Amino acid sequence: METTKNTKRIKRIYIIPAAIVAVLIGLQLFNQPIASKPVTGHMDEAPAAVLAILQRSCYNCHSNEQKLSWFDQLAPASWAVKKDVDRAREVMNLSEWDKLSSGERTGKMYAILNMMQAGKMPLREYLLLHPGAKVSEQDIEVVKKYTLSLSGNQAPHSTPPAAAGAVPKAFPVSPNGVKYTDAFKQWTVISMSTLFDHSIRVIYGNDIAVKAVREENFFPWPDGAIVVKAVWKQEEQPDGEIRPGEFVNAQFMEKNAEKYKTTEGWGFAKFSGQKLVPTGKDALFAQQSCISCHRQLAASTGFLFDVPMKVNPTSLTEKILSK
Amino acid sequence: MNRLFYLLLLAAFFTACKNERPANGQSRIVFEPGGLKFIASSLHPKQETMSALYGNDSALQSLAGSEHQTTAGTMIKLVTWRYHDNPQYFGGKINGELLSIESIQTDSRGAVTYHLDFGTLQRPAAPTARIAYIMTYKPVQIP
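Quick mapping for you: the protein sequence lines, in order, are chains A and B.
For any residue, its number in the numbering used here is found by taking its place in the first sequence, counting from 1, and adding 33.
For any residue, its number in the numbering used here is found by taking its place in the second sequence, counting from 1, and adding 218.
Everything labelled a hint here was simulated from the structure, so no lab data went into it.
Note that the structure is predicted; figures quoted are calculated from it, not measured.
Ideal placement from N, C-alpha and C gives every residue a C-beta, glycine not left out.
Hints are not guaranteed to be accurate.
Derived pair list, reagent style SDA-like, types lysine to any residue, alpha-carbon separation capped at 20 angstroms [unchecked claim]:
hint, chain 1, residue 1, chain 2, residue 2
1, A, Lys294, A, Asp315
2, A, Lys343, B, Met293
3, A, Lys212, A, His231
4, B, Lys264, A, Lys294
5, A, Lys218, B, Pro305
6, B, Lys264, A, Lys352
7, A, Lys343, B, Ile319
8, B, Lys255, A, Asp215
9, A, Lys343, B, Lys356
10, A, Lys352, B, Gln244
11, A, Lys343, B, Glu266
12, A, Lys177, B, His302
13, A, Lys218, B, Met293
14, A, Lys218, B, Lys264
15, B, Lys255, A, Asn239
16, A, Lys218, B, Asn242
17, A, Lys352, B, Pro357
18, B, Lys356, A, Gly278
19, A, Lys178, B, Glu250
20, A, Lys352, B, Leu278
21, B, Lys264, A, Gln270
22, A, Lys343, B, Gln244
Just a few of them, taken from the derived set where beta-carbon distance is under 7 angstroms, the chain B residues facing chain A [stated by the list, open to error]:
hint, residue
23, Tyr307
24, Phe308
25, Ile360
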């Protein structure tokens, strides 16, 4: 009697792990490998120390040269890995670096540096299983030094202005449906900024956006909010003061949670040069080049950079508003 | 394998987003220019300040012309802020503390008056010098 009971118990002990193993083996049938893509060009211009850091910490997702561990290749973990690699390649591919202009490369280096400094990259869940990919303070300093040496170059946000010409009669529309409007010239200025690419910027908001900033209604921003960042080249005066010079582009962010689901509810658009040429071959451009930085670095303000800093006494706000 | 799942679960928990620290009694100011419109801006690297210039239609006309003379009915405000490294993006600067609000007005006979509405100037100057300075701004160009 005792023996039969024990055998039953042993059987029960084994049946659960056996079932788990069976399910896992079954899952492998649905394992899709990561698409193999050719290497077209590396970041040959960067110092070896910078390349070593990128190869160790970024290449496993942001390249066509994955060196995955066995556990990365087992379903269901492999599904998450594939999703991450696909998204990472879309945003920045270090095996296709030659496809970027020098300005875009500078912009990507700033993005890399910002992601590392903010502790957003490599992803925390990735580091748990790949501790060797962790970037140290020293690594960040190496990347920072190199990035700062590039800032004489143009940045991606400052697409070279299109040849001078008449302003189009009908306003352009971005591939994702965001329409240009010149109404923003009458809107309230939310903030002013500059970037490493020697540009000077003014950020305008419509009434919904201004109200959202004042009330810090960022989680989520209300639908209908539109923020426009106008970008100019810096023009230095003899005394060192800088004024906006040639118009570079106008960058739109329009909130519509339903319409722009894949980009945190924000519709991104950029209209460059005198002809206001929209950026992007198709609607995917915002997923590939805009939202990744906004999502990782500007989550605390509802995915918007250049929201006014919270540094003025509240009493001052009331005083200014009552004037 | 189970440990792997727990690790993934733990990782998902840690990826929850982090919000900015609450600042007591501090606010995000959006300057309300009343009926005036934004016309121009400037950056002063030596003083680490940024300014925005607002004005009415007469101001826009005055500054758009080559003469840069105040016409009757001109109303201009120059709002100056301290700038900082952008806390969300290394490589950028953004306006922070409000430092001063200056205004100039021209009456129907063309007489110009200057007033410091708020704060203090980073570099004190005579009203006539400030009027001359403010009148050097040109409207920003947007297609």
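Verification of the supplied hints:
The suggested pairing of A:Lys294 with A:Asp315 holds, with an alpha-carbon distance near 16 angstroms, which does not exceed 20 angstroms. The straight-line distance between the Cα atoms of A:Lys343 and B:Met293 is roughly 29 angstroms, outside the 20 angstroms bound, and the hint therefore fails. Of the supplied pair hints, the one linking A:Lys212 and A:His231 is violated, its CA atoms being roughly 27 angstroms apart against a limit of 20 angstroms. About 43 angstroms separates the Cα atoms of B:Lys264 and A:Lys294, which puts this hinted pair outside 20 angstroms; it is violated.
Proposed proximity of A:Lys218 and B:Pro305 is contradicted: the alpha carbons are some 27 angstroms apart, above 20 angstroms. For a cut-off of 20 angstroms, the pair hint linking B:Lys264 to A:Lys352 is broken: about 29 angstroms separates their Cα positions. Restraint check: the Cα-Cα separation between A:Lys343 and B:Ile319 comes to about 19 angstroms, which is no more than 20 angstroms; the hinted pair holds. Restraint check for B:Lys255 and A:Asp215: satisfied, since their Cα atoms lie roughly 14 angstroms apart, inside the 20 angstroms limit.
With a C-alpha separation of about 30 angstroms, the suggested pairing of A:Lys343 with B:Lys356 is violated against the 20 angstroms cut-off. For the proposed pair A:Lys352 and B:Gln244, the alpha carbon gap of about 14 angstroms is at most 20 angstroms, so the pair holds. Taking the CA atoms of A:Lys343 and B:Glu266, the gap is near 18 angstroms; set against the 20 angstroms cutoff, the hint holds. For the hint pairing A:Lys177 with B:His302, the CA-to-CA distance comes to about 19 angstroms; that is within 20 angstroms, so the pair holds.
For a cut-off of 20 angstroms, the pair hint linking A:Lys218 to B:Met293 stands: about 18 angstroms separates their Cα positions. A distance of roughly 29 angstroms separates the Cα atoms of A:Lys218 and B:Lys264; the hinted pair therefore is violated under the 20 angstroms criterion. Under the criterion of a C-alpha separation no larger than 20 angstroms, the hint pairing B:Lys255 with A:Asn239 is consistent with the structure, at around 13 angstroms. Between A:Lys218 and B:Asn242 the alpha-carbon distance is near 34 angstroms, which puts this suggested pair outside the 20 angstroms criterion.
Our distance criterion of 20 angstroms between C-alpha atoms is broken by A:Lys352 and B:Pro357, whose separation comes to about 28 angstroms. Pair hint B:Lys356 plus A:Gly278 holds up; C-alpha atoms about 10 angstroms apart against a cutoff of 20 angstroms. A threshold of 20 angstroms between alpha carbons decides the hint, and for A:Lys178 with B:Glu250 the separation of about 40 angstroms lies outside it, so the pair is violated. For the hint pairing A:Lys352 with B:Leu278, the CA-to-CA distance comes to about 26 angstroms; that exceeds 20 angstroms, so the pair is violated.
The suggested pairing of B:Lys264 with A:Gln270 holds, with an alpha-carbon distance near 13 angstroms, which does not exceed 20 angstroms. Proximity of A:Lys343 to B:Gln244 is assessed by CA-CA distance (about 6 angstroms); at most 20 angstroms being required, the pair is judged to hold. Among the interface hints, the one on B:Tyr307 holds; its C-beta lies about 6 angstroms from the nearest C-beta in chain A, closer than the 7 angstroms criterion. At a threshold of 7 angstroms, the smallest CB-CB gap from B:Phe308 to chain A is about 5 angstroms, leaving the interface hint in force.
Here the hint on B:Ile360 is kept, as its CB sits about 6 angstroms from the closest CB of chain A, short of 7 angstroms.
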